[in-house]
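We have chain Y already, so just place chain Z on it with the hints.
2 protein chains.
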Amino acid sequence: MELSKGIQTFIQTSRVARMATVDADGCPHIVPICYAYDGSRLYSAVDKKPKRVEANLLRRLVNIRANPRICVIIDEYDEDWSRLRFIIIHGIAAIEPEGTEHSRAVNLLRKKYPQYQAMNLAEGVNPVIAITPTKVVSWGTFE
Amino acid sequence: MELSKGIQTFIQTSRVARMATVDADGCPHIVPICYAYDGSRLYSAVDKKPKRVEANLLRRLVNIRANPRICVIIDEYDEDWSRLRFIIIHGIAAIEPEGTEHSRAVNLLRKKYPQYQAMNLAEGVNPVIAITPTKVVSWGTFE
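Taken in sequence, the protein lines are chains Y and Z.
The first sequence runs 1 to 143 under my numbering.
The second sequence runs 1 to 143 under my numbering.
Next comes chain Y alone, as it looks inside the complex:
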């Protein structure tokens, strides 16, 4: 997928996104995510930020197993509404509990977020969500 340099940079440098998943009954769920972008896929980890249930029962993972279609938004709010901008990424999510893709994602996440350097992101314990964009829509100006 061809994205402009400005949009690529915006995706790479933004610190937080919000991801929607959908359960088997068509009910949506949103969570804020930290993510890394390698130029083609987005990666997010099920990390140690406190969660109420064990990783595999997390709503986002249960939903992705039932329906891998997700939507991610990366946006900036500004009180000057002429400066609002956002990128909506429609995509397919895959759960990577371990292996090469898991390790690569963890490395990318640690590079972007110093917070992850002291945090265990272990194979089999902290699955990674890998998102392949299928459609990207942008609004606003991305230099």
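If you are wondering where the hints come from, they were derived from the structure by calculation, not from laboratory data.
Owing to the predicted nature of the structure, the values given are computational and were not obtained by experimental measurement.
When the alpha-carbon atoms are kept at most 30 Å apart in a straight line, the in silico DSSO-like pairs for lysine-lysine are as follows:
id	chain 1	residue 1	chain 2	residue 2
1	Z	K5	Y	K48
2	Y	K5	Z	K48
3	Z	K48	Z	K112
4	Y	K112	Y	K48
5	Y	K135	Y	K111
6	Z	K135	Y	K48
7	Z	K112	Z	K135
8	Y	K5	Y	K111
9	Z	K48	Y	K135
10	Z	K111	Z	K135
11	Y	K112	Y	K5
12	Z	K112	Z	K5
Structure of chain Z alone, referenced to chain Y:
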């Protein structure tokens, strides 16, 4: 629904939320929304911020007509991850193109956002989305 004072204040004062809707095929969509909260429902207007299509064909409205179940997240990102907090609102959305509910929503939105005072939010042209929460989940500290 009983929400703590801290959570009520957070919902009332936050400036932006993100709303997920789902289409008839189970595909999610997210948009950033400005909203007003009257203590029981959230209101968002389809306003004049530039859109690619006429109001009634907007994805969020098409989706809500097919499936009124929505999810709204209001969160704050912080590089100190111990300060992260969010509120997830599951709810049912109704489209109010005109009438009392429309006028009430417009008044609330104009009170919260000075930007709306100079913007036309007309009955029949700028529908309002009224969200009735069915479940609210919070994470983090809300004083």
